[in-house]
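Student: These are the residues of each chain, in order.
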Amino acid sequence: MRSLKTALCLPVFALFLATPAFSVTITNQDGEPRQITVTENGARSERSIAPSASIQVCEQGCFITFPDGTLTAYQGNETIVIRNGGPALAN
Amino acid sequence: MILRMKVVLVACLMLFSGAHALAQESAAVQNLAADLQQILTDLEALEKASLAETTSDVTLAGNKVALQKLSQTTFAVALKASAGLRQADEQIAALGPVPDASTGGEIEAVAAERQRLSAVKGESAILVRELERVVVRVSSLIETVAKIRSRKFAEEILARHPMSSDTWREVRESFKLEITRLNFAFSNWLRLLTRGILDETATAVLLCLAFAAMVIFVVRMIAFPLSARPLMDAEQPYLRRVFAALTTTMVPSVSVAALMTVMYMTFKHLSLLPPRVDEIVRAAAIVVGVLTFVYFLTRAVLAPGRRYWRVIAVSERAAKRLTVLITILSVIYAGDYLFAQVRAAMASPVAYTVLASLVSTLLFALVLSLILLTRLGEPATEHANDRVRGWAPWLYWPMWFAIAVIVGSTLGGYVSLARFLSGQIVVTGAILVGMYVGLLSARAVAHTGAMGESRLGAYLIRRLDFSDLSVDQLGLVFGALIVFGVMSVGVPSILLQWGFQQDDVQSWIARALGGFEVGDVRISFTNIVLAVIVFVVGLILTRMFQRWLAAKVLTRTRLDSGARHSIGAGVGYLGFIFAAIIALEYSGIDLSNLALIAGALSVGIGFGLQNVVNNFVSGVILLVERPIRVGDWIVVGDKQGYVKKISVRATELETFDRQSIVIPNAELINTAVGNWMLKDSVGRLIVEVGVSYDANEEDVRDILYALVAADDRIAAEPKPYVYFKNFGDSALIFEVRVFLKDIADIIAVAGDMRFAIRKAFRETGIVIPYPQRDIHMQTAQPLSEAAAAKAKEK
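These protein sequence lines are chains Z and V, in that order.
Numbering follows this note's numbering, with no gaps: position 22 of the first sequence is 32.
Numbering follows this note's numbering, with no gaps: position 456 of the second sequence is 458.
Because the hints were derived from the structure by calculation, they are not lab data.
Note that CB positions come from ideal geometry on N, CA and C, so glycine has one too.
Please note that a few of the clues may not be correct.
If you want a taste of the chain Z side facing chain V, the calculated C-beta under 10 Å gives, among others [as the list claims (entries may be wrong)]:
| id | residue |
| --- | --- |
| 1 | THR80 |
| 2 | ALA83 |
| 3 | LEU99 |
Make a model of the complete structure from these sequences and hints.
Tutor: Pasting the structure below:
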C-alpha cells in the first residue's frame, strides 16, 4: 500500500504546488532599470526589469504598459525588447 | 534633387497602395470602435443585472460566464487594435524622418499621409487604453458577483425557520385545502387522459408497456444470469468482483432510466401532461431512476448472501444490514425530493417545507446513526487481506459530529443548513466510497503476481515474451495510473460538491496537469505519464518487431544462429534507445540544465565508468565482428568452456564442470582468445605413446595407422600422421597426430584410442615400458667374472 500512498500524494502535491509557466519574454536593452505594468486577467501589477535582464510574463495574454506610455495587448507568445523605454519586437 | 524625386516616387506608390490600405485601415479602426461601444453596452447591462437585489443565483452564475466571455472578446479586440497600432507605426517609420524646412519641407502628399497615419495611430492607442480599462472593470465585476453569490448562499443556508406554533397552525389549517388542490390537479389529469381522445392515451400506455416488457426481458437475460453467480462458490479476484458489480448495476439502472425517459417523453409528446402534473411526474420518474440505481449499486457492492462477490469486504451481517439501511436512506432522500417538487408545483405554503425538512432531516440523522452503529467486520477470516475491520476513525467521529450538527440545527430551526449538510454527506460519501473501490482495485492490480494472472498479462507473457517480472512491474504502473485517475476525478468532485468554483478547480487541474515550474525545469504530469506510456509502447513494439524478425526474416537468410542472435539483440538495443529518446521528447524534460551538472560530474563518472563503457563497447564489437559466437568453445587465459550468452557487458561461459564464468567483454577483446570453432569444428588431437626399445617400430606405425583408420570420428583430411617423436630415456616415443571432424569429441576419441592402443599392443605383444635404467657398476673385477668364480667355488 506504501507505493500507492506515494502515488496518492503526488497529484495532491501537484495541485498545491502548481505555479503557472509564463510565455511573453521581455528583455530590457536599455542601460537603466525599467518599470512595466502588466494587466493580466483584469489585474494590474508592476514589474521591474534590470538592464540587460529578461523576464517572462503572461501565460495567456495581457496588456503591457511601457515606460514611454505605450499600451499594447500581447497574445502570450511574443518576444519583446525595450529600447529607449518603448517596445520593439525582437526580430 | 534625386533624393526629392525618390521621395516623390515612394510617396506616389504609397499613395496608390496606401489609399486602398488606408481606406481599409480607417474602416478597421471604426469597426473596432463600434466593437468597443458594443462591449461597453453589454458591460453596463450585466452590471445592472448583477447588482440588482432580486437576482437569483442561477442568473448570477450565468452573468459570470457572460462576463468571462466579454473579457475574452474585449481582449481579442484589443489585440486587433494593437496590431493596427503597430502597423501604423511601421508605416510611419517607412515614410522616413521628417525632412526639415531647409530642404524644402515635405511633399504635401507625404505630409498628409503622415498626418492620417498619426491619426489612425492615435485612435488605435485610445482604443487599446479604453479596452484595458474595460478588462479591469470586468474583472472587478466578476469578483463582486462572486461575493454577492457567497453572501446570498450564506443567507439562504443560515435562514431560520423555527417550528413555532404558528407553523403548526398553518399546516393544520391549510392541510385540507392543499389536499383538495392536489386532488383537483390529478383528477383533471385523469380526465384528460380518459377524455374522448382515448387513442392518445392508449398509444402512450401501449408504447410504455411494450418498452417496459423489452426492458424487463433485457434485464432478465443479462443481469440475472450475472447475479446467479452465487453458484460460483469460490474466492473471486478483486477486479472481477468490481467488474461484475459494475455490470449488475449498470444494466438494470440504464434500462430503468431508459424506460422512465421513454415513458415521460411519450406522455409529454402526446401533450398528456398539464403543467403542474408535468413537474410532479418528472420528479417521480427521476426518483424511480435514482432509487433503482442506488438499490442495485448497493446490492452489487455489498453483495449480501454472496460473500465472494463482495466489493467492500464487510461481514455478512453488516452487508445485509447496510443494504437495508442505505436503501431506506435513499428512499427518505428521494421521498423528500419528490415532496419538495410537489410543493413547488402546487406552490404550497412555506410551513410545509419547514415540516417536511424537519421530518426528513431527523429521519436521515436516525438512519445515518444506525449505519454508523453497524459493526463492519467480524473476527472471521473472510477476504483476509482487504477485509474491512471497522469504520475508519477519521470518518467515524466527523460523521457523528455532522449528525449532531444536523439534529441540532434542525431542532433550532436552521432547516436549510441541515438539509445542505445531509445532502453533502450523501454525495461526498458516495464519492468517497467510489474512490475507495478505485483504490482497492489499484492495489489489486499492483499486487505481486496479480497482473500475470489477468488476461492481458497472460497475453504479454505468451505472445510477446515478456518476463514475469516485467508484467509484474507493468501491474505496478497500471496500479499507479488507476490511483492517479481516481484522485484526479474524486478530489475535484468533492471540491466542487463543497462549493469551490468550477473554474477555480479547473484552473488548478490545468496547472497540475499542464505543468509547473520548479526553478528552471518545467515538469508536467500529463507529459510524464504520456512519456511512460510511450516508452512502454515502444518496448512492446520493439519486442514484437524482434519476434517478427526472428520468425519471418532471419529464418530465410543463411546466417547461423549466433548471427541471428546478434542481429536480434542489436535490434532490441536500438529499439530500446529509440523508445527512450522519444519518451524523453514527450516528457518535455529539458535536459540542457542537467548537461551542466553532467559536465561537472563527467570527469569522475568517466573514471568510474571507464571499465563499464569499455565492456559495453567491447560487447558491441563482439556483436558486430563476431570473433566468438554463442555455442563456440573458447579458451580465455586459463578458462575454457562453451559460450552460453553474449550480453552488453559480459559474456557467459559454461565450463565442462558446468560452472558458469562471467567474463567482461573487454577481456575478450583485449586479450587473445582461442576459439576452437571459429572457422570450423575441426581440431587436432595428439596422443603420445611410448614403446619398448625391443618393439619393431614399423609394426607400431602400421598398428597405429590402422587404429586411426578404424575411428570414423577422425577426419581424412588433413591426413593423420604417426610421428616417431624421439628416442626417449625409457621408450621409443610415438605421437599419433590426427584431426577430428568435431573437436568436441576430443576427449572421447583420445580415450577410445588409448584403449584401442593398449588392446592392439597386448594382442601383438608390444610392451609399453616402465621407466628404464641401465645400471653399470664399476668394480675391480667385472661382475660376470665374480659370479663365475663364485659358481666355481660352489
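Student: If a hint holds in the structure, say so; if it doesn't, say that too.
Tutor: Verification of the supplied hints:
Hint status for THR80(Z): holds, given a least beta-carbon distance of 8 Å to chain V, under 10 Å. A cut of 10 Å between beta carbons decides the hint on ALA83(Z): the least distance to chain V is about 4 Å, and the hint holds. A cut of 10 Å between beta carbons decides the hint on LEU99(Z): the least distance to chain V is about 8 Å, and the hint holds.
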